[in-house]
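Number of protein chains: 2
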Amino acid sequence: MKAALSYIEQHREPFLQELFEWLRIPSISAEPTHATDMKRCAEWVQQALLKAGLDRAEVMPTNGNPIVYGEKIIDPQRPTVLIYGHYDVMPVDPREAWLSDPFEPEIRHGRIWARGANDDKGQSFMHLKAAEAMIRTGQLPCNLKFMIEGEEEIGSASLERWCQEQTERLAADLILVSDTSLLGWETPSITCGLRGLCYMEVEVTGPDKDLHSGLYGGAVANPANVLSHLIASLTDEQGRITIPGFYDGVRDLTPQERALFAQAPFDESAYRASIGIPTTSGETGYSTLERTGIRPSLDVNGLWSGYTGEGSKTVIPSKAFAKISMRLVPNQDFQYIATLFEHHFRALAPDSVTVQVRFLHGGMPYVCPTDLPGYRAAAEAMRQTFGRDPLPFYSGGSIPIISTFEKVLGLRSILMGFGLGEDAIHSPNESFALQNFYRGIETIVRFHSLYAQTMQSLQA
Amino acid sequence: MKAALSYIEQHREPFLQELFEWLRIPSISAEPTHATDMKRCAEWVQQALLKAGLDRAEVMPTNGNPIVYGEKIIDPQRPTVLIYGHYDVMPVDPREAWLSDPFEPEIRHGRIWARGANDDKGQSFMHLKAAEAMIRTGQLPCNLKFMIEGEEEIGSASLERWCQEQTERLAADLILVSDTSLLGWETPSITCGLRGLCYMEVEVTGPDKDLHSGLYGGAVANPANVLSHLIASLTDEQGRITIPGFYDGVRDLTPQERALFAQAPFDESAYRASIGIPTTSGETGYSTLERTGIRPSLDVNGLWSGYTGEGSKTVIPSKAFAKISMRLVPNQDFQYIATLFEHHFRALAPDSVTVQVRFLHGGMPYVCPTDLPGYRAAAEAMRQTFGRDPLPFYSGGSIPIISTFEKVLGLRSILMGFGLGEDAIHSPNESFALQNFYRGIETIVRFHSLYAQTMQSLQA
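Line order of the protein sequences matches chains F and B. Every letter in the first sequence is one number past the one before it in numbering that gives the first Met the number 0, and letter 75, counting from 1, is 74. Every letter in the second sequence is one number past the one before it in numbering that gives the first Met the number 0, and letter 30, counting from 1, is 29.
With the rest of the complex left out, here is chain F:
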């Protein structure tokens, strides 16, 4: 491993120059004007995989942007790690807010500034360079496979089908992903939980047209009032969701897991200040990080009915609508939750209105057990690089493709990311700390070495 680590040390500058080349390609998947850039970017990735020393790399077409696949098979008996990343980036609007050209990377204050510097070109590139360091120094301990897609920022629409078609090619022991952040400079962490999502839309209909609220007010159920009652009754005074059966599948963390998670540094007053709220609130008996990380939630995402313009219009609306989504935790199933929601919502509605409930979108929650060999290898690799044990972190967000990998490929993912909250991914002036870029490459090399050892000792 030593030789690989010194290879990294010696190639700091060329690694950076090569990443800059990639960052200069404006591969914005959301904007159709960048269609040729997407293609050019995929081809660049293919060449970069070959340059890193892989045996083969190909640009594979999909109905959307191509997926780049590459592999280095050293020995079918050795463990195989499948690396996932993406070459597409977010739009850059508002462009005038950028201090430097988003597609002309610069180094300032020890950081790389560019769209994609972190998300996910910078983080994906660490894997290419870790592979190169191991291959060029003869220290690659396992087989490597890469899948780098071009639609992550627009929902990974082509990836599930492609995985279904390529299950054989993608056979591996584990998926390794760097597309998340650390809790802080001094607080290494591994994301081991992601919440799922169940997104519904409801429509409450009262009268068949808008009515004059003077002539009819008091005698006709107002769908906006009724909808408010229905939404209010979905949660109780304890901040718990009242849908019968909703919590049935919820996996509680063990006291040990909860204690470890509680070590995550969290500054409540800085949190409140950052979003301008006077006080946090939520389910009784849980901390803020637990409320977003390991407990399900229910939020109204949109609400509309009647007259919403200036001034006053005295109308009883015919209809009232809401978008309501629930974040789910292991082992809640979004399709089952959608059914429970619909059943409950219909049952609550008075017979003076009619109700429609539509399922819009869903994703399964994901959890990576901290006793998984891959998690243990990642934790040890981080400890060696950062000088302290990483904390398991349960994120409130969702990365739907991670649960798709589990479903389609039967593989767990290790979410070992090296970003920081301050990197402003998805915002103007995205950046990635140089130190984390290099620490990431080192940690990945250590991971492969440790993981291969663990797996071989398990086989033995």
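It is possible that part of the hints are untrue.
One copy or two, it doesn't matter: identical chains are merged, so the pair holds either way.
Said to hold, decoys possible - With a straight-line cut-off of 30 Å between C-alpha atoms, the simulated DSSO-like cross-links for lysine-lysine are: (1) 144 x 1; (2) 1 x 50; (3) 50 x 38; (4) 312 x 406.
Keep in mind that the hints were calculated from the coordinates and are not lab data.
Place chain B on chain F using the hints.
The following block gives chain B in isolation, referenced to the frame of chain F:
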């Protein structure tokens, strides 16, 4: 009185031809392109008042459309009736839905078809022709004053100030208005109650920007969920409004009044069918007509928050808004109710959000006691024309100017209208039954005679 009634009988055709002239003027107050039509229309009214035999009539400027004032003073010792009407009409869109030109009146099926045929040119014109019949036959028993405004359909913005400036000129014993409807062909009625209005807007603010519902959901108060809770708690299971003190001023009808009101014909299943609702609902212990006529109500008129477009966006909105209005009954004061509402709404809000409450618009409720001499005269006049006693009717709507008259001029109004629900005022194909047009003129003549007798006997 007989001579006046035969004058009407003999002038049926010229009355109609003169009304047609008026109906041909497209005096749509809501459309600025009709500014010169408004002026022309006011001048037409002035000439028509003189033609009816009044001593004087003038077009009086305001900041908006002019008000036409006219009077016939026969003896300062006699009672004085002030007649209110309006010469402006509603827009005609969609014009293609009209079976004939809205500004070229036609007679079909015993009805006058034109914009304004009923509201309010047709109904105002009855008063001009009743005056003419009484004046030309030497049978006018009281002094008459007319105020015909041109902004009723856009909120009567200039009228209150004008009344304040003209209190001396407008001195009278009573105001008589024909701008309402009868319960039915065979069911004469007098509108003796109008609800008031208190229209509020509320704004609930949670975080200072929209947040990702995955990362924050469960730990941050969602203003749309909170607003739903707040709205839900404004009414209880009995359909009563929970604002402390809200019902304190409410005047209950006497059992006699309630019994009389209960005679108003009402077909619940036709009512439901006409607005497409499966069942009526509202405050326990009251009928549908009572719920809209004599009880206050609370309705959400508009509701908006977060993402309201197609599909799903996982956002915790920063803000949620609602327009909430209350219909008031005697003796609720809209300004006091606005204060109670604001106080209660703020008190209900959890400290995890901030709340703003704005008063947008209000109007006082109105009630005309059925033992008022003017009411009794109107009731007897109707009985003589229609052959049966009129029912007192409590309408759920508001005519804010009526309570303004009471406040500014200290005068009660008698709402003796001759329209029918089927007249489709404010809609395409407005019409007014010829029979009601003539019955109205006769009833007005009878009213003046009866009212003058009553007032003189009271003086004696």
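Against the structure, the hints come out as follows:
1. 144 x 1: Within one copy only: 23 Å inside a chain, 107 Å across chains, cut-off 30 Å.
2. 1 x 50: Classified as within: same-chain Cα gap 21 Å, cross-chain 112 Å, threshold 30 Å.
3. 50 x 38: This pair counts as within: shortest intra-copy Cα distance 18 Å, inter-copy 85 Å.
4. 312 x 406: between (51 Å within a copy, 24 Å between copies)
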